[in-house]
Amino acid sequence: MPDLTTLGIAEAGRLMARGELTATALTETFLKRIKAVDHKIASYITVTEELALSAARQADMEMKGGLRRGPMHGIPVALKDIYETAGIKTTGHSHLRAGYVPAIDAETVRRLKDAGAVILGKLGTHEFANGAMTPDQPFPAVLNPWNTKHQPGGSSSGSGAAVAAALCMGAMGSDTGGSIRNPAGFCGTAGIKPTYGLVSRCGIFPLAFSLDTAGPMAWTVEDCALMLDVLAGHDPNDQASAKTRRSTMAQPHNARSRACALRSRGTGMRARMPASRPTPSRASTRQCAC
Amino acid sequence: MLKDLGAVVDEVVFPDLWDYHICGRVIITTEVHAIHRQEVIETPEKFGYTTRRRFQLGAFITAEQYISALRFRRQLHQDMKAAMRGYDLVMTANQWDRRTPSRSRSRSSTSSTSPRSPCRSTSPPARADRVLRLRQRWLSARLPACRSRLRRGERLCRRRGLRTRHDLAFAAAQTLIRRPSMKLTRRSLGRSFVGTSALAALPMPAFAQEKVVRFGISMADVPLTTGQPTAALAPTSSPGSRSTIR
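Chain order of the listed sequences is A and B.
Quick note on the numbering used here: the first sequence kicks off at 69 and runs consecutively.
Quick note on the numbering used here: the second sequence kicks off at 67 and runs consecutively.
Bound conformation, chain B alone:
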């Protein structure tokens, strides 16, 4: 239609929409947690269900990941400017997936849809090459490897089903009982939880699933959740441990 009207139409390849989505979610989640941190801790029940979960997630984004996301945003910004150079108008898919009917009666968010990437409109070889380079850049930017962990998390959840966070707390306590000398740090928890043997023994809680799916953060962060029952973990935590992060 645009060609019929006399416009000169070219195809432009933008960075993958998913990159924008993930980068934006990391930044927004971190900043919104900083803004509402006190309320999330003191009166979490006053938030809506999805709002609360989203605002709590920011507690698990590290400063390094946040700064990396800011740097990655700058790179995306430069790529966008380069792609738009020389054109008066750029049209791109910015459409959420097919679940548009309102689900306001359901417990879940009405916005739990996934973005549709504009790269799907490009030829398969170009898209594959683009995705490969973007993944390489993503890793070099030291952001969470969202894609791979996303798939891993999905597979994991599908296999194990969803459990409550209390299941994980119980399992964490069991792990600590077996290894009483282990300090309760995020790194050590990461080793124990993400390691293959522990992974096979532990259930996958719904809360951890969301984090893995959204940000690719390991399950190690789960016991440090705001509002997480810490009674089982308290006896073994050292004064300087990161379990006191609030």
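Same shape as in the complex, but just chain A:
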């Protein structure tokens, strides 16, 4: 079996469904890697090791008992530190919220947990996701894992860097003016800025109500689609949430059905990097970065 940190969400889910991989082993691998590597890029603000291991053990017990919640079951993910998490410090990368511990989870976090995802911790960002990083903020600036002399984009800088450095399988970002698209581009990962209203923003520190969106970042588009499939849906607590039935809304984002549709039509387009820039792999990321 390859290095577990190089697996994608879809592949790891398939392995866990076949019983060839446990969520606990996967989570422990990522936690070890975070300890070994994260100090070089400072992508994590808080690592919730015990909670993650506990959630992973519970996922293993459920899967062993025949309960399979979906493709995100047992998958280690991390959250940008503007997502409120019950009992876990949520700082927004700001002195103003340095000691803030929310009582309840954000709607997106709740959906991820309901789908069986394992929360590894909270990721660095720009202060209140405003897109500007200065050294007078309470936590160090996140560095680009491809080259630590470069910035990773923002404001979901920790999400992009952690995914690129294989410190989590997927991460949640937020996009108001490019905060998912920029770090995804800077760090060479995939990210989806969802349509406004597709994903609930309830429990996420707001930046601009009429532009804020929450979305996934992962190593492949398929992984992002799997996360978005879990996240999408109407939330009555978010006034901008689209009142569309979840089934119809989530359908286009179903990764497998989309892939099947492409195959069945026999059309599609494959893109590749120019020959002068070899296509990076997760393993090469790890070598060049950390």
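Hints may contain errors.
Said to hold, decoys possible - Which residues of chain A face chain B? A partial, calculated answer using Cβ under 10 Å:
hint, residue
1, H163
2, L164
3, G167
4, P170
5, H194
6, D204
7, L275
To be clear, the hints were calculated from the coordinates, so they are not data collected in a lab.
Every residue, glycine too, gets a C-beta built ideally from N, C-alpha and C.
Keeping the supplied structure of chain A fixed, place chain B upon it in accordance with the hints.
Okay, now just chain B, sitting in the frame of chain A:
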């Protein structure tokens, strides 16, 4: 490369990326100020340097400008939909300028880069025509004439250098002493500050430079800044004046 792979590739002209940038900044700055207004006023020192400056700027966007930006966003949205109609995939430049290396040790933001417009890839006549029409539309939408004031502000700053906001407060006090009957309203300040004679006499503070560069708002707004030293202005302000805006 896409053509080699069998795709049919056409060139599509989008609205200028700068229009999106400015429209978005007006909306974001206004809304973020509304959200963090109390903290910006009471504990500004707890924000990071750039965050504080960005969040404070929202105090100077008027309701009219905000609504105009929302209406302009709707127009940009329709233009984008029209440009994408009939295509499965549209690729566009969304790249910030060349200063990508991290400058986290410096005092300024690491994101103080400028957007690179996709219109640069179009032919010069098409681009000029497009920009002309967009500027016309921009003015008709009653948004701040960002482009022209941007250039004016840049020229001004280059000529005068950067000063502190206290310099401006002092100059404002001098102006008011010379014209004691003048009410301290945004409009009157605008006349006195943007007028050519006053403009020549006043220094250009760094804070005003940022506002002019970003939003094209006149220097008249500067004395009303949150946290601005108001001691010199207080004696002449009337109870109903807009100097009390906080």
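For each hint, the structure was consulted:
1. H163: It holds, given that the least Cβ distance between H163 (chain A) and chain B is near 4 Å, below 10 Å.
2. L164: Result: holds, 5 Å to nearest chain B Cβ.
3. G167: This hint is violated: G167 (chain A) lies away from chain B, its Cβ roughly 12 Å from the closest one there, beyond 10 Å.
4. P170: Violated. Min distance 17 Å.
5. H194: holds (8 Å)
6. D204: holds (5 Å)
7. L275: holds (6 Å)
Hints 3, 4 from the earlier list are contradicted by this structure; the remaining hints agree with it.
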